[in-house]
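Number of protein chains: 2
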Amino acid sequence: MKENTNSNIQKMTGRENLQSINPVTQTVIPQKFVVATSDEINSAAENANEAWKTYRKTSGKEKASFLSDIVLELESLGDTLVHKAMEESGLPEGRIRGELGRTCNQLLQFADLLKEGDWVDAIIDEALPHREPLPRADIRKMSVALGPVAVFTASNFPLAFSTAGGDTASALAAGCPVLVKAHPSHLGTNHLVAGAIIQAAQKNNLPKGVFASLNGGVETGQQLVGHPLIKAVGFTGSYTGGKALFDLANRRTTPIPVYAEMGSNNPIFILNRKLSENAETLASTIANSVNLGAGQFCTNPGILVLEKGKEADGFITALKIAFEKLSADTMLNEGIYKAYNRGKASCFDISGVTPMFEHKSSNDDWKAGPSFASVPASKFMDNVDLQEEVFGPFTLIVVCEDKPEMLQVASHLRGQLTATIMGNAQDLANALELSEILAQKAGRVIFNGVPTGVEVCPAMHHGGPFPASSNALFTSVGMDAIKRFVRPVSFQDMPDDLLPEELKQDNPLKILRTVNGMKTRE
Amino acid sequence: MKENTNSNIQKMTGRENLQSINPVTQTVIPQKFVVATSDEINSAAENANEAWKTYRKTSGKEKASFLSDIVLELESLGDTLVHKAMEESGLPEGRIRGELGRTCNQLLQFADLLKEGDWVDAIIDEALPHREPLPRADIRKMSVALGPVAVFTASNFPLAFSTAGGDTASALAAGCPVLVKAHPSHLGTNHLVAGAIIQAAQKNNLPKGVFASLNGGVETGQQLVGHPLIKAVGFTGSYTGGKALFDLANRRTTPIPVYAEMGSNNPIFILNRKLSENAETLASTIANSVNLGAGQFCTNPGILVLEKGKEADGFITALKIAFEKLSADTMLNEGIYKAYNRGKASCFDISGVTPMFEHKSSNDDWKAGPSFASVPASKFMDNVDLQEEVFGPFTLIVVCEDKPEMLQVASHLRGQLTATIMGNAQDLANALELSEILAQKAGRVIFNGVPTGVEVCPAMHHGGPFPASSNALFTSVGMDAIKRFVRPVSFQDMPDDLLPEELKQDNPLKILRTVNGMKTRE
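Those protein sequence lines, which keep their order, are chains A and B. Counting along the first sequence from 1, when you hit position 292 you're at 292 in full-length UniProt numbering, and nothing is skipped either side. Counting along the second sequence from 1, when you hit position 407 you're at 407 in full-length UniProt numbering, and nothing is skipped either side.
I should point out that these hints are in silico values taken from the structure, not numbers from a laboratory. Please note that the accuracy of each hint is not assured.
The list treats identical chains as one, so a pair stands whether inside a single copy or across any two.
List time: in silico BS3-like cross-link candidates among lysine-lysine, alpha-carbon distance up to 27 Å [stated by the list, open to error]:
no., residue 1, residue 2
1, Lys338, Lys320
2, Lys519, Lys504
3, Lys208, Lys308
4, Lys57, Lys510
5, Lys519, Lys483
6, Lys338, Lys308
7, Lys379, Lys308
8, Lys504, Lys53
9, Lys338, Lys360
10, Lys403, Lys53
11, Lys360, Lys320
12, Lys208, Lys115
13, Lys403, Lys203
The structure presented is a predicted model; accordingly, all values stated were derived computationally and were not measured.
This is chain A alone, in the form it adopts within the complex (with noise of 0.2 Å):
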């Protein structure tokens, strides 16, 4: 079986073909995907500028229902579509049909903001003709679609941070055409969704080139990302990967932005009264969330920083015990089984490390043994190697001498997506300091609860200061992932007529808009 899944491409000429494997049975799943040549990214760039002529212009209401309507085509793929990212994935059916809902979900919710429409940013400033000592002109600013946006798909979410998943769907909320580099390890279903957005775009008469995949390797994102038409980037994956963009994307004769969301820790700072309390409960809930998923999660978390003593050693004991109960999964390719156990070695070899607790795991699959080690927090901030994250179920204890070693490991770390502090009453009634230190670090401050698990609402923040992202100004998940890909343009002294229908003067679209410093529906 040899499938044509440049989707959206006229003509594939290339000989290259890329198969994905099943990471349970490790074998090579039958159908083959054709490489995208040179020629086919070159068109399928021209195709999305194209298209971003029109699609730029396309109304909020039209938009939506474009969006709606991949949610059915989704949605009438039904179990081929789940069998298949299990397959390709080998995580669990539940785990799945939860990831199609929460993709669904977000496409439904960028739709109703569509609908809403006040997401532009409108604001009026109207003309005073008799303003000494000069008059002002009519100036009037809103978001604009910043054009083509290339995407590149996470491994570990085949469907919620892939195809159809955040990036694509606030791109094309935003009015931006978008071409998908599929990922290697799911390319059945990336076939699957891409037919189903490309299924939505012919319904609703939208331009051919709103949607497009490609697949092939690390050479087919180069030339994706520095293809002069390319007008952004989404990315989350590795800091090697992200990275790698980043600088590609700064070297262009017109640099674009690339939002890459990389690697974290998501450390856990445990405090003694919460340590002391609850013991066996905190040790079973942080080995489930170290584990979820083979510990395949970008909010995984990868660190624990606790004060020593006797609440940490009873805690410690709790662990193993809690990561006794743990089983060993399948990771999602052996790139990533490889490296976690690299990872892993890696950290137990650094000096002051302390192997605590290592899954017994057989070398003839690709599952993952939840581990994790202790180390003194001085030899922690001796070695900034050990903030490498090591994506798999393994976590760091790091132990503090006092409170004081606590500020100081919280002072040194590096860029997060996440940070927990988990205490009761008593413990969080100090903990200002910390919390205020770990604001500065991360993109989102957890209070007892884990890190996986990231809600899809507005005041989500999914990102955090280099090198957890790229670019921390900007969240992947949530409604505010629209922002990455438009950019303000002012009008001024525009003629009515030419305006575009969020800044005309009745508000036609009754959007919320800041007219005059005030703001109005009217």
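Following the hints, position chain B against chain A.
For chain B alone, kept in the frame of chain A given last:
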């Protein structure tokens, strides 16, 4: 006279001095300014970071008081400041007084923004403990200060885009300490203004590192941008300077955002009916805009696009007459004067370019002779060098064969700060396509007005696609300039006691927040 003007640094040990030059008399101004040493730059960054620890928590009211007091201090400097800025810039008194007014106005507008407090974009999604299948945590998001900001001052606005200009005002408003790299052309002006800011900081009991200014050259700037404690950069100046800082910032171990407002041609498209109706008035208006302040504005109209024919011929004749009436004015410094003549000569040398008018200028001063040239549109589109900004009172007329070629010229433009359409009602009724193309190329699209003169108001966008600015998503003028220096942080299930005032449950600051999707001050 030798003064220690690396303000706010305790010990000055540098041996190198800088002196400004009066561009009118071309004489060195006696006052000497000590170049900051590498150690002093480092101390300044450390002090700024130390100050940040408290300044980022300083309330909006207190920051507003600080900004208002800067205005009082600037006003109390009165004529001393005006005369110093005139002496160092060669700009006339009316212009400098106007610029001082603008500088104060910007600071006061930010003070008002801070007193109101809504700018932090507080979003609250309350917990949904009974949601199925999973409860939702309480998540609250707001913007927080990025950290110490390095500001590079602009040669052409010794006040409004310099030491206490828009970058400094917006960064201080955001809660970021500021390190200003003084412009070598107006060291004395910087000294006075920096003193005013420091005075205001002391009056408000702010930490001493909240503001400092440093004298020096390229290396001083490079050390600042490369310093690990600097978290963002504001810059207004040349493409070469801005791009160098952008590249440097991206090469850091931890890259930081550079908001560089660089060069722009600010094309004016003049449609035929408008041309024929008002050739003389129009020519005079445009000539004056080209020559305003010796053409030293980032929004100076460097390109005029016309359709060939008798209307264009008539306009060009009128433009010659208007240019003849212009006077040559002194440029800001020798470098700018030489670059202007070099740029003009290079343009004249390009194949297809016809010099149309060149103001006679003597060689014994730094006065810029206002000039213009013309080029057929086809030649213009063939040679991107014709889009190099000639900073000064120069404009290039691009003559199109017909309307379609005019659209092609628009499509060939690089990123611009502004693009203007001049047309009568009938012209504009047919200008939708042109205006749509220009909205993709520029940050501000203007109708029947000149681009010089940038209003400071919420609806203003001053910035544009690369190379007009390094980051088209942000403005350097107007209230939204504050957004460059903050990032969002989400707080999940944070105890009310620990939450910042802006996010506490009972909204003690009474700011406008988005709570469960609704805008409210409750």
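Against the structure, the hints:
1. Lys338 <-> Lys320: Within one copy only: 24 Å inside a chain, 73 Å across chains, cut-off 27 Å.
2. Lys519 <-> Lys504: Both ways: Lys519 and Lys504 sit 16 Å apart in one copy and 23 Å across, limit 27 Å.
3. Lys208 <-> Lys308: neither (61 Å within a copy, 37 Å between copies)
4. Lys57 <-> Lys510: Within. Shortest intra-copy distance 18 Å satisfies the 27 Å Cα cut-off; inter-copy 37 Å does not.
5. Lys519 <-> Lys483: both (20 Å within a copy, 19 Å between copies)
6. Lys338 <-> Lys308: Neither, since 33 Å and 67 Å both go past 27 Å.
7. Lys379 <-> Lys308: within (14 Å within a copy, 75 Å between copies)
8. Lys504 <-> Lys53: Within. Shortest intra-copy distance 21 Å satisfies the 27 Å Cα cut-off; inter-copy 44 Å does not.
9. Lys338 <-> Lys360: Answer is within: at 15 Å inside a copy they meet the 27 Å cutoff, but 74 Å across does not.
10. Lys403 <-> Lys53: Between. Shortest inter-copy distance 19 Å satisfies the 27 Å Cα cut-off; intra-copy 58 Å does not.
11. Lys360 <-> Lys320: So Lys360 and Lys320 pass the 27 Å test inside one copy only (13 Å; across, 87 Å).
12. Lys208 <-> Lys115: Classified as within; 23 Å inside a copy, 49 Å across copies.
13. Lys403 <-> Lys203: neither (61 Å within a copy, 35 Å between copies)
Violated hints, listed in ascending order, are 3, 6 and 13; each of the other numbered hints is respected by the structure.
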